[in-house]
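Sequences listed follow chains U and W, in order.
Its first residue numbered 621, the first sequence is counted upward by one per residue in our numbering.
Its first residue numbered 5, the second sequence is counted upward by one per residue in our numbering.
Derived by calculation from the structure, the hints in this document are not laboratory data.
Fair warning: this is a prediction, and the values are worked out from it, not measured in the lab.
Idealized CB from N, CA, C, for every residue including glycine.
Some hints here could point you the wrong way.
No farther apart than 30 Å at their CA atoms in a straight line, the calculated lysine-lysine pairs in the DSS-like style are these [claimed, not checked]:
#	chain 1	residue 1	chain 2	residue 2
1	U	790	U	895
2	U	799	W	164
3	W	254	U	895
4	U	749	U	721
5	U	721	U	905
6	W	254	U	721
7	U	905	U	749
8	U	790	W	164
9	W	164	W	237
10	U	721	U	799
11	U	749	U	790
12	U	895	U	905
13	U	749	W	164
Computed far set for chain W versus chain U, every beta-carbon distance over 12 Å [claimed, not checked]:
#	residue
14	141
15	202
16	223
17	231
Below are the chains, spelled out letter by letter.
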Amino acid sequence: MEIVDSGRGELIGWHDPDENRAWVRDHKPRGLIDKRMSVADAVGRFVHDGDYIAVGGFGHIRTPMALIYEIIRQGRRDLAVAGKTAVHDLDILIGGGCVSKVECAYSFGHEMRGLSPCGRRAVESGQVKVVAETSNGAYQWRFLAGMMGIPFIPARNLLGTDTFARSSCKTALDPWSGKPVVLIPAAYPDVALLHVPRCDCYGNAQIDGILVEDLELARAARRVLVTTEEIVPESVIRQDPRQTAIPYYVVDAVCHVPYGAHPAQMPYLYFFDEKHIAEWLRLSKTVEGTDRYMERYVRGVADFDEYLDRVGGLGRMQELQQIETGQEEEAGQ
Amino acid sequence: MSSADGNGYSLAELLACAASRLLEDNRAVFVGTGLPMIAAMLAQRTHAPHLLIVFEAGGVGPRVPSLPVSVGDSRTFHQAVLASSMHDVMAACSAGYIDYGFLGGAAIDQYGNLNTTVFGEWEQPTVRLPGSGGANDIGSFCWRTIYMMRNQSPRTFMRKLPFITTPGYLSGPGAREAVGLPAGCGPYRVITQLGVYGFDEETRRMMLLACHPGVTVDEIQANSEFEILVPGKVSETEPPTLEERRLLHKIDPTAMVLGR
């Protein structure tokens, strides 16, 4: 296949397919092992300085915030992050000083809530480096190639743009049609962080509503940490196996964390905590404010339970549940 | 703004209606949040009841109960026909199922190329923007892309973009096909606070189609760094009807988008 053009972006998270197959053979758990552990243990064991991490869900939806806060508490440094509609999670990690590289499909913004003061400041000052550009679709297909264990996947987006020129992709001529196609390299994140509504102790996880990227991401990543609203018996999974989005053999840690996506939305369970998101967006306008947020909600608390107390405890969680399930109008709307 | 019948509508209402009328029944549209979402919902409640709405995070064909704040919000798959995944939706785009796609951005050029990535040097940007998100995918795959930009000025209608995030017609006729993008698709309409534009078949350059009420061709031209083609006949954007306005305010009762 003739290579016509090459993007100049840094290729992160790629491995030779045989090397990755051998890694999977030697490290991924095919035996049924009870993987329940605390969030602190999961991060302590599986997240290392310099890792390339990717976060499931979408923006402020089903975001594994308990894991994000713990990564900051444990002082991880130099992370490379998949910026694939990475919104609150990435912003908070940058504010916590954990990130040095981002591969950007969508980052440094909060969709309709506006641009991210913290993320933008970090990039414009050089604290965080964008090492490559891509699109949400192309990033999705990096994970698709990763889960298949193939070196790349051909596609027809990115072509002809600066997004391609700054990507880690190449262009080649399709041997059948003769037309140029983009070759999107596989991605194997060192760690994927996911939050789900229910999971058994082995890591068989169900997701209600849209899967977003989690099906492909969980199967592509080398290590997969799952936080879950509820731990269910294995029999619940076996009753309806069609509901399993993520099978146990790709999962390395299972952490029971009710409200573990707060302040993000958990479909069918609880709504965005707009008050808390607005507080972050306000405080993160300055470095001092960012530090104050970290002290109040992340570094100054022992764990996620203490964080939940600080953001309003069970009373606030019940309000958010009522908004999501339609029992109450959204406050302030 | 006001119209002959004393119907005092807002700019947001005018833009939502202009976008809504472009969407045909029994077609599929890929939408983001904000005005595109409102436009698609209005089309469903008027001339296009069978318009299929698709969201990039996996929501397909929802009965949206109230305006989502994110394209992954649980309202984007409320009573949907399918709650799937980004891969599934992007694959449908790539395969040719999606007729319309909405785009917005910080700056556009005469061929409908779009920048949502940086101003200044890419390595050391003066302004860092969020990047492509799904925009490059929409601009590559959807049959007809519709741009909504409420800030037309010589700074946003640029002769040369600092960064092409999303492809329009690139450098002109045939350029998309030459680089390997799917054939026969590309920019269709641009809607700004001043007017509605299309693209000339021969040159693929942006062409004025309609001025909004009270806007002159001179104003259109003065608010662009590049020359906008002006055909012999330029129409005026049809103002929102009272019925359209009533529906819009039912769709966005708290004026989350319409109030902007």
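| request: Output the numbers, in ascending order, of every earlier hint that fails for this structure. | output: 1, 6, 10 and 14
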